[in-house]
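Chemist: Start from chain R and add chains L and A according to the hints.
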Amino acid sequence: MSTTTSTAPLLQVTDLVRHYAMPRETLFGTVPLVKALNGVSFSVQAGRSMGIVGESGSGKSTIARLVMALDTPTSGSVELEGRDLHKLPRDALRTARRDFQMVFQDPYGSLDPRQTVARIVAEPLEALAEIGRAEQRERAGESLAAVGLRSTDMDKYPHEFSGGQRQRIAIARALITRPKLIVADEPVSALDVSVQAQVLNLMQDLQQQFGVSYLLISHDLAVVNHLCDDVCVVFKGQIVEQGPPEQLFRAAEHPYTRTLLDAVMAAPPHRLG
Amino acid sequence: MSALPITAPGGAAMKVPGFWRRALHHRSFVFGAVLTALLVLAATVSLVWTPWSPYEMDMASKLQSPSWSHWLGTDSFGRDVASLLLVGARASILVGVIAVGIGLTVGTALGLLAAARRGWVEEAIMRFTDFSLAFPAILSAIMMTAVFGAGIVNAIVAIGIYNIPTFARITRASANAIWSREYIAAARACGKGAFSITFQHVLPNISAVLIVQITIRFAIAILAEAALSYLGMGTQPPQPSWGRMLSEAQTLMFQAPLLAVFPGMAIALAVLGLNMLGDGLRDLLDPRLARAR
Amino acid sequence: MALLEVKDLHIGLQTQRGPAEAVRGIGFSLERGETLGIVGESGCGKSITVQSLMGLLPASAKVTGSIRFDGQELVGASERTLCGIRGNRIGMIFQEPMTALNPVHTIARQVGEPLRLHRGLSQADARKEVLALLDRVGIPDAASRLDAYPHQFSGGQRQRIGIAMALACGPDLLIADEPTTALDVTIQKQILELIRSLVAERGMALILISHDLGVIAHTVSKMLVMYGGSVVESGPTAAVFAARAHPYTQGLFAARPVLGAPRGGRLATIRGSVPELVDMPPGCPFAGRCSHTIDACVSTRPPATWLPHDHAVRCIRLDEIAAEGVAA
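Chains as they are written, first to last, in numbering that gives the first Met the number 0: chain R, 0 to 272; chain L, 0 to 292; chain A, 0 to 327.
Excised from the complex, chain R in its bound form (with noise of 0.2 Å):
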């Protein structure tokens, strides 16, 4: 179950449904409806992390727009630090966007091939309007160096560089406002197993050099529990069952938790020595 503590979850999210229209089959009579999500609610506080694993059409690549507000939910809240999101004015909500940023899946999509990596990790900053170019592209440096690439890396274009280093480059990006959520979509999954180790290497270290907290979405169930302190499963979008991993994978209680269970196949042994 969710975490009571005294203090306010950094995330909050309530109640949240989003149902898309499909377009018309007939021209008088209901609209189609695909309901990606009936009613999710979780928080995550401060410093911890939460997963949220689910298969394809589950929809928790919904939740995570919603989260990041590149979707406006059908009802129901996403409140970060006790602030509606979906209800703040515009300008309101961009200079609020600090606070959270977001990792994608795909590194070879998710960089604009067309910029160098300087301007695509000082992005972030460049939308703030807030401080000049020459500070923005040393932040960029230094944001770069936290994920362990070079400052001569900051004038080359993506397409230079392999999948696990893009990786790193996104999250440099998403690491450049310091913000206090990062919301990560499937951030490892297109990488191989051994890059995939140094990537969720990083993402440990950041959080406890920076204090970040994540919103870790994964069909992985091995990736989560390695690096999320509750964990929240979703199906057909439900959560069914929250908590954190240990309790979780080891004595689930929900049957699709269970079937998901033991889908993984596990390669003995299953501790390694």
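Take these hints with a grain of salt, some might be off.
[Stated by the list, open to error] With beta-carbon atoms standing in for the labels, derived distance ranges: (1) ASP261(R) - ARG118(A): 37 to 43 Å; (2) PHE134(L) - SER143(A): 46 to 52 Å; (3) LYS235(R) - ALA260(A): 26 to 32 Å; (4) ARG116(L) - ARG118(A): 25 to 31 Å.
For the record, the hints were derived by calculation from the structure and aren't laboratory data. Glycine residues also receive a C-beta, built at the ideal position from the N, C-alpha and C atoms.
Modeler: Structure of chains L and A alone, referenced to chain R:
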């Protein structure tokens, strides 16, 4: 996804060190570039020098075959054909540049707007392009010059207006494909508005398509100008024009067939060159490079 | 005679920075009914290897060595010969069920295509066969869906259709290139079960490519670990999993987050990154990234060291590594 060779390293392709090396090995590109360069060269040179004055009539030496004094011969008024061709190139280029320019600026703006706003704005713009494209191009141009008068300016406007819906459609199709990319979502997640995203992310990534389209439409503009001048509606005498040279040569086909051959070849080579350049650029700017991971 | 014998296979490709060797002298054999898994990360050459078995490499690729399929040499074989084998004696299942099927043809037409091509069946006969195949692979209500299009099926169902297509002519060898990577975990289990049962039922040989060690453990009896175009470790799955002799294999196992492991620990990583094909060292491809590298590793290609149970490892420092392991 779109079948057009858009984005990704479309323009970043040029920054890859091997681009010019590949370009110089690409037969279509080289051939096209050479012919296009010749066209531009002809027009430029004609500004400072021509073998003879294209306006000077010399009835005594009319309808001469090519010789050492008149390299390509003379026409029915004794004017030097080579000089006429050189100066005629100017008209072709002028029409091409301005007509394509009109289409590019207005059409691309409309296309970008349609892709950024979607909804009824997009519908309205697309219906407008459907409507415009429904009119046959040359007939529309003829109609306009008939109404507003013949002359190069009106010809340019007529041809240019037709470029607008073409560029609008192509821009919108390519831009739509870009809008669904993840780096656009990343830019939105930073708080960027549609206007900034359009100019900072979308436009650079569709530049490859636009460049190719420019060469194609340039060739079409040259052909259109020649057609209009042939019909007497484009460039007016005494301004030389390849199309009008063809028209004048028509009646003299059996007496001096070369009079039709030279302007005809000039038109054909210009159009061929531009099309090949466009083909070459399309190949070279292909996002094939995106797969070299 | 083995169904498939690959000896000293070298494949050269044209890369942006010039020609490079994508596969450097690999060899393995496969009997009828045997299952082989190939494990490796991107760029290790696993996909290129199976593509060469089908003759599906780009025209600029240079292949030397020998691939004998049922006694017939495939390297240098004519396109005609290869066409006769593809879809007929060797079937292939691809990674992306979304794009492996032609969106404008009905599934009856697509699954029936190999039957009409290789067996010369009429459209009516092919249709009956297709129905039987679709039933076997578990497409519900197949009879009424024969004339449906790929987009009307889910990802898992499309992969089943792809399997039906690969099996249509009763091939002797089935190649599955990451068949479940693009699918959900629950579907993945069903598809692998299906492949396993079909292979057992029809006595086919199976080559399964995967980056997922769990999938390999549950599906195949023999395995190859590939890195940088070479096979660094090979042998029965159980032996390789138990011994993990090669440093790369060890690194691969150690880098995975494991369900049930305590949180907060760091994952062991392999330092550095995979060099580009043109930059591969001439000796062991793992030299430089391996913590046990010595000069001899970089210059000479390590010969195969044979461990019990037909288990081969290409590493010259096995003894030292084993000694360290005991001491630690």
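Chemist: Now tell me, hint by hint, if it's right for this structure.
Modeler: Cross-check of the supplied hints:
1. ASP261(R) - ARG118(A): 37 to 43 Å: holds (40 Å)
2. PHE134(L) - SER143(A): 46 to 52 Å: At 48 Å between Cβs, range holds.
3. LYS235(R) - ALA260(A): 26 to 32 Å: Holds, at about 29 Å.
4. ARG116(L) - ARG118(A): 25 to 31 Å: Given a distance of about 55 Å, which is not inside 25 to 31 Å, the answer is violated.
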